[in-house]
Amino acid sequence: MQGAWCKEWKQGRNFILKIEPGQNIVERLQIFARQENVKNAVIDSAIGSVKHVHFRGIKSGAKRPITEPRMRQHHVEGPLEMLGLEGNLITDDKGNADCHLHILISKSSGEVLGGHLYDAEVFVSCEILLTEMIVHGVERYVSKTAGTPTIFINEE
Amino acid sequence: MQGAWCKEWKQGRNFILKIEPGQNIVERLQIFARQENVKNAVIDSAIGSVKHVHFRGIKSGAKRPITEPRMRQHHVEGPLEMLGLEGNLITDDKGNADCHLHILISKSSGEVLGGHLYDAEVFVSCEILLTEMIVHGVERYVSKTAGTPTIFINEE
Amino acid sequence: MQGAWCKEWKQGRNFILKIEPGQNIVERLQIFARQENVKNAVIDSAIGSVKHVHFRGIKSGAKRPITEPRMRQHHVEGPLEMLGLEGNLITDDKGNADCHLHILISKSSGEVLGGHLYDAEVFVSCEILLTEMIVHGVERYVSKTAGTPTIFINEE
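Chains as they are written, first to last, in our numbering: chain A, 1 to 156; chain B, 1 to 156; chain C, 1 to 156.
Isolated chain A, as found in the complex (with noise of 0.2 Å):
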């Protein structure tokens, strides 16, 4: 497809994760996907509330590649309500399921921050549901003109 890749994926199986208080979300997500061998998913859903959350932006001008220099790293102590958590986890080069996650927080005063995810530790809860992806031909690893690690997909 001209400006886009685009490939059908059939569903597997559908998991309810709750992680604990004080565990790193990105972590035990990657623990789950290892335990349960799952290779591909989408997150459905994710809620929940957060502490020393570590997430990046992208400068506003920036030219591709997006490169250190580029971002702006944060880390918000908190406790936040997590308002979402959008991603998905894809294969890598190494046949890991590898996670990419844009996260959604809000501070008491009801102002929402967010960024992409490095890791963030649960405070109260995490309510996580996903579906599992059953898809050949899509992988994800760094692009040199991206500069970051990508799709690709395979479209025959």
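Hints are computed from structural coordinates only; laboratory data are not their basis. Watch out, some of these pointers could steer you wrong.
Copies of one chain are not kept apart here, so a pair can be met inside one copy or by any two copies together.
Restricting the straight-line Cα-Cα distance to at most 20 Å, the calculated cross-link-like pairs of lysine to aspartate or glutamate (EDC-like) are [claimed, not checked]:
hint : residue 1 : residue 2
1    : Lys51     : Glu68
2    : Lys18     : Glu36
3    : Lys94     : Glu27
4    : Lys63     : Glu20
5    : Lys39     : Glu8
6    : Lys107    : Asp119
Given chain A, work out where chains B and C should sit, using these hints.
Using the frame of chain A, we list chains B and C on its own:
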């Protein structure tokens, strides 16, 4: 699973729900769940516009459990765009579907607010897509250590 | 259903769609829908990074219907992280899939903006997962009382 609880679920029915202007979203979701006999569900997607939004955030530096003095409540008159409504409906200890929802709303300035939703009134539109979850051994009730209603997963 | 309209739908095909840098998201979603003959779909998940984001919010205190003077449009140059793209594609009165999407974007400060999306250009990546909805008696067209395109659900 150490540090987390995990359970598989099966997809039941899929619904599209359009809530009428002037109606309260959480109240209508509860009525919908009772009428359709939905015990557990995940919000796949929800957008629209809202008024009289009542939500809360967690105060910076708060400790567990989350008690009233550690939260801050907000009442926003609006109207505002509803950019997302994330969360789930899980059976409570009385057998009803309990809503746990986090809302994302934007002001005309483009600034986004949000938090744990108590309720909000539909302004012009409210389009919710949800999927029934068929699962046993999952319940939500108040946890003493959390201070708030929490999902409990009986792994077996 | 009093105060709401509700209808069951069946899941059709599942797609992963990666949109190329420099392409417009809404325009590409419409081309995708035409090429794959998708009439209705729900966005399961969408993240990436964007430029030239054109969206709108509703002015505080606005009354229905939503007319031009009651909205405020924004053009944000970026690039910015795209934290979420919520919404659906529903058949319009000409038989095409009409996109209703709300976008969430973050500045390098971590501050989140968003609103009703007109369109946005992909900066580095755009990973969309969506599910086709098989449903009859659901259409979107302009409602006089709403002022905007609205879903109409024929409950029988």
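Hint check results:
1. Lys51 <-> Glu68: between (24 Å within a copy, 19 Å between copies)
2. Lys18 <-> Glu36: within (15 Å within a copy, 26 Å between copies)
3. Lys94 <-> Glu27: Intra 17 Å, inter 35 Å, cutoff 20 Å: intra-copy only.
4. Lys63 <-> Glu20: Between copies only: 15 Å across, 39 Å inside.
5. Lys39 <-> Glu8: Classified as both; 16 Å inside a copy, 16 Å across copies.
6. Lys107 <-> Asp119: both (17 Å within a copy, 19 Å between copies)
When held up to the earlier numbered hints, the structure conflicts with none and fits them all.
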